[in-house]
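Engineer: Given next are the chains, with one letter for each unit.
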Amino acid sequence: MDKPLLDVRNISKAFGGVIANKNVSLKVEKGQIAGLIGPNGSGKTTMFNSIVGYHPIDAGEIWFNGREISRLRVGAIARMGLLRTFQQTRIYGKMTCMENMLISLPDRSSGFASLLRSRHSAGVRRAKELLDFVGLYSKRYLYAGDLSFGQQKLLEFAMALINEPEMLLLDEPTAGINPTLINGLIDRLKRANKELGITLLVIEHNMRVIMNLADHIYCLAHGEMLAEGSPEDIRNDPRVIDAYLGAH
Amino acid sequence: MNRTTYHYLAIAVLALLGVAAPYLFPAYLSQFSKLWLFIVLALTWDLTGGQMGYNSFGNVVFFGVGMYAAAAVQVALYYPLAAYTAAKGGGTEFIFNTSQFLTGLAAGLPAAGVLAALTAVALGLIILGMRGHYFAIATLGLAIAAGELASGWDLIGAGSGMVTPTPPDSLDTTTLFYYLSFALAALTFVFLAWLYSTRYGLAINAIRDDEDKAEAMGHHTIRNKVIAWTIAAFFLGMAGGIFGNLSKFIDPIDVAFNGAEIGVWMILMAILGGKGTLWGPVIGASVFYVMKELFWTYLLGWQRVALGLLIILIVVFFPQGIVGWLKERWPSRFGPTAAEMEAADAKGEA
Numbered sequence: 001m002d003k004p005l006l007d008v009r010n011i012s013k014a015f016g017g018v019i020a021n022k023n024v025s026l027k028v029e030k031g032q033i034a035g036l037i038g039p040n041g042s043g044k045t046t047m048f049n050s051i052v053g054y055h056p057i058d059a060g061e062i063w064f065n066g067r068e069i070s071r072l073r074v075g076a077i078a079r080m081g082l083l084r085t086f087q088q089t090r091i092y093g094k095m096t097c098m099e100n101m102l103i104s105l106p107d108r109s110s111g112f113a114s115l116l117r118s119r120h121s122a123g124v125r126r127a128k129e130l131l132d133f134v135g136l137y138s139k140r141y142l143y144a145g146d147l148s149f150g151q152q153k154l155l156e157f158a159m160a161l162i163n164e165p166e167m168l169l170l171d172e173p174t175a176g177i178n179p180t181l182i183n184g185l186i187d188r189l190k191r192a193n194k195e196l197g198i199t200l201l202v203i204e205h206n207m208r209v210i211m212n213l214a215d216h217i218y219c220l221a222h223g224e225m226l227a228e229g230s231p232e233d234i235r236n237d238p239r240v241i242d243a244y245l246g247a248h
Numbered sequence: 001m002n003r004t005t006y007h008y009l010a011i012a013v014l015a016l017l018g019v020a021a022p023y024l025f026p027a028y029l030s031q032f033s034k035l036w037l038f039i040v041l042a043l044t045w046d047l048t049g050g051q052m053g054y055n056s057f058g059n060v061v062f063f064g065v066g067m068y069a070a071a072a073v074q075v076a077l078y079y080p081l082a083a084y085t086a087a088k089g090g091g092t093e094f095i096f097n098t099s100q101f102l103t104g105l106a107a108g109l110p111a112a113g114v115l116a117a118l119t120a121v122a123l124g125l126i127i128l129g130m131r132g133h134y135f136a137i138a139t140l141g142l143a144i145a146a147g148e149l150a151s152g153w154d155l156i157g158a159g160s161g162m163v164t165p166t167p168p169d170s171l172d173t174t175t176l177f178y179y180l181s182f183a184l185a186a187l188t189f190v191f192l193a194w195l196y197s198t199r200y201g202l203a204i205n206a207i208r209d210d211e212d213k214a215e216a217m218g219h220h221t222i223r224n225k226v227i228a229w230t231i232a233a234f235f236l237g238m239a240g241g242i243f244g245n246l247s248k249f250i251d252p253i254d255v256a257f258n259g260a261e262i263g264v265w266m267i268l269m270a271i272l273g274g275k276g277t278l279w280g281p282v283i284g285a286s287v288f289y290v291m292k293e294l295f296w297t298y299l300l301g302w303q304r305v306a307l308g309l310l311i312i313l314i315v316v317f318f319p320q321g322i323v324g325w326l327k328e329r330w331p332s333r334f335g336p337t338a339a340e341m342e343a344a345d346a347k348g349e350a
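These protein sequence lines map, in sequence, to chains A and B.
For the first sequence, the positions run 1 to 248 when my numbering is used.
For the second sequence, the positions run 1 to 350 when my numbering is used.
Hints are computed from structural coordinates only; laboratory data are not their basis.
All C-beta atoms, glycine included, are put in the ideal place defined by N, C-alpha and C.
Incorrect hints may appear among the rest.
[Said to hold, decoys possible] Label-pair ranges, simulated between beta-carbon atoms:
| no. | chain 1 | residue 1 | chain 2 | residue 2 | range |
| --- | --- | --- | --- | --- | --- |
| 1 | B | E342 | A | K190 | 23 to 33 Å |
| 2 | B | A106 | A | R125 | 20 to 30 Å |
| 3 | A | E164 | B | V190 | 33 to 43 Å |
| 4 | B | R131 | A | E195 | 45 to 55 Å |
| 5 | A | D58 | B | I137 | 26 to 36 Å |
| 6 | B | G308 | A | T180 | 34 to 44 Å |
| 7 | A | L142 | B | F25 | 42 to 52 Å |
| 8 | A | R125 | B | E261 | 47 to 57 Å |
| 9 | A | G145 | B | A106 | 41 to 51 Å |
| 10 | A | S118 | B | M291 | 34 to 44 Å |
| 11 | A | P56 | B | Q303 | 51 to 61 Å |
| 12 | A | H205 | B | L149 | 32 to 42 Å |
| 13 | B | E261 | A | D58 | 46 to 56 Å |
[What the hints assert, rightly or not] Simulated coverage check for chain B against chain A, where a stretch passes if three residues somewhere in it have a Cβ under 8 Å from a Cβ of chain A:
| no. | region |
| --- | --- |
| 14 | 217 to 225 |
| 15 | 340 to 347 |
Please build the complete structure, drawing on both the sequences and the hints.
Structural biologist: Have a look at this one:
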């Protein structure tokens, strides 16, 4: 069997006295949709931040696509094709949706010279297609900061897609999105995975969403990996029910 | 007439005015030279402050570095610099003929730009890793430090400053420096207009709006920031070179590294006109400069009080600046409409 695309090996991260991640491991195969669940404060976002190089880890190793990325910085990791979206949605507010899309085109191998081309020179068609894909085509010339929170989330997702990442880490993609839109989003995430071949790792609190979406789920609690398995296994795991699902 | 026509019409009128000013207002030529240079100061400040969201209080350093660099090259091509500065400009043996003076300028001004740009690379690599407010605070000390360093360096005249080479009487330097200032302002404007139309323009706007996001999307944020500051410094350095020659005397603290006046004015001009817009700094610099000259002429003794009041009024009532206000009031007339943006995208797509 091939090596996993993302291989997180026994990483730990503490902030002062607070141990946010303790010896946690996780593997995501190429083409998979993996889920990461756990109560608030269990260390999910810390793990995301560690993977994408937002802060250094205290122990362990992170491998992506056969390369160790434990010591790389955010930008370098992103250019390797490992992108993340933010829990608190982040878009470029004073730029139009189209401009947000165009500046998110992948720029991995080309140097500074490619930035000196006209801003309309590449990706216009693709940007429009993807804005249509997430249902924001009619808003394409509005300022991103004027969109609703849910629409900004969709825009952020489209920006990630136009970057053509190998793998996308999504931090609560459905939080703040209205229930009717959530079904559409699940469908789009699945299509991004199937049609564009993007491997996904998704943090999610909405159990209906994650059970529907993921092939394999990891559950964190108190900074430690509590359980992993198929959605069915996780749903029936007494430890998970006790620590997390039981609260419902 | 649509907005693009207005845009080109404004440029044509300005260009015509720029070329014809020596014939129209011969008595005010040196004031007009300074106005063009002030436009350069505002435009270059806005590149980082407005378009990239990095408010620098230290850009005057590049202005001062350029001023000294140009003067030093102009002198050193023909005389030993140390002997020249030791004579405090009073020596009669340092004569520049027309060809020497012009050659000195032709070498000195580009050198001023390059040295200022190199200074920006060195400083940028150190402090552009800092974000937002931290960067602004770090730049606060730059002008003071540079002024003190220049005051202690004998080769460039230390605290007694440096006299720029005296041109021969036969040369009409007022007109010469006028056209140099005008050309530099035009060059800066055209260059920045092009730069903002590229993907790089979007990249620095992205840094302004959310730098963490830009980094997470794989942008080379530090490289892009250093390049922006370096471009600003290049044009500022040349502006400094011309300004030094216009002033004829370079004092390290009152002229070259005058953070409290020129360093602050360039920020105010950009804010008054409208941060992050192409025309804002041009309009802001013009309005500000005229007001300043009027205060110095008619309110002498109270001119700084009046200017201080103007500054407060700008910040309180015009936080988005003249162009920003116009765009907000009449978005379709002063900002691009959806149809225009669509057309621009379609043109790129073809």
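Engineer: Against each hint, give a clear statement of whether it holds in the structure.
Structural biologist: Evaluated hints:
A hinted range of 23 to 33 Å for the beta carbons of E342(B) and K190(A) is consistent with their spacing of about 31 Å. A106(B) and R125(A) have their C-beta atoms about 48 Å apart, which leaves the hinted 20 to 30 Å range violated. Our hint of 33 to 43 Å for E164(A) and V190(B) holds, since their Cβ atoms are close to 35 Å apart. Between R131(B) and E195(A), the C-beta spacing of about 38 Å breaks the proposed range 45 to 55 Å.
Separation of D58(A) from I137(B) is about 31 Å and conforms to the stated range, judged on CB atoms against 26 to 36 Å. The supplied range of 34 to 44 Å is broken by G308(B) and T180(A), whose beta-carbon atoms lie about 57 Å from each other. The supplied range of 42 to 52 Å is met by L142(A) and F25(B), whose beta-carbon atoms lie about 46 Å from each other. Distance hint for R125(A) and E261(B): a CB-CB separation of about 51 Å, consistent with the stated range 47 to 57 Å.
In this structure, G145(A) and A106(B) meet the distance hint of 41 to 51 Å, their C-beta atoms being roughly 47 Å apart. Look at S118(A) against M291(B): about 38 Å separates their beta carbons, and that is inside 34 to 44 Å. A beta carbon spacing of about 54 Å between P56(A) and Q303(B) agrees with the range 51 to 61 Å that was offered as a hint. At about 57 Å, the beta-carbon gap between H205(A) and L149(B) misses the expected band of 32 to 42 Å.
For the hinted restraint 46 to 56 Å between E261(B) and D58(A), the CB-CB distance of approximately 50 Å keeps it satisfied. With 7 residues bearing a CB less than 8 Å from a CB of chain A, the region 217 to 225 of chain B meets the requirement of three and the coverage assertion stands. By the rule of at least three residues with a Cβ nearer than 8 Å to a Cβ of chain A, the coverage given for the region 340 to 347 of chain B holds, with 6 such residues.
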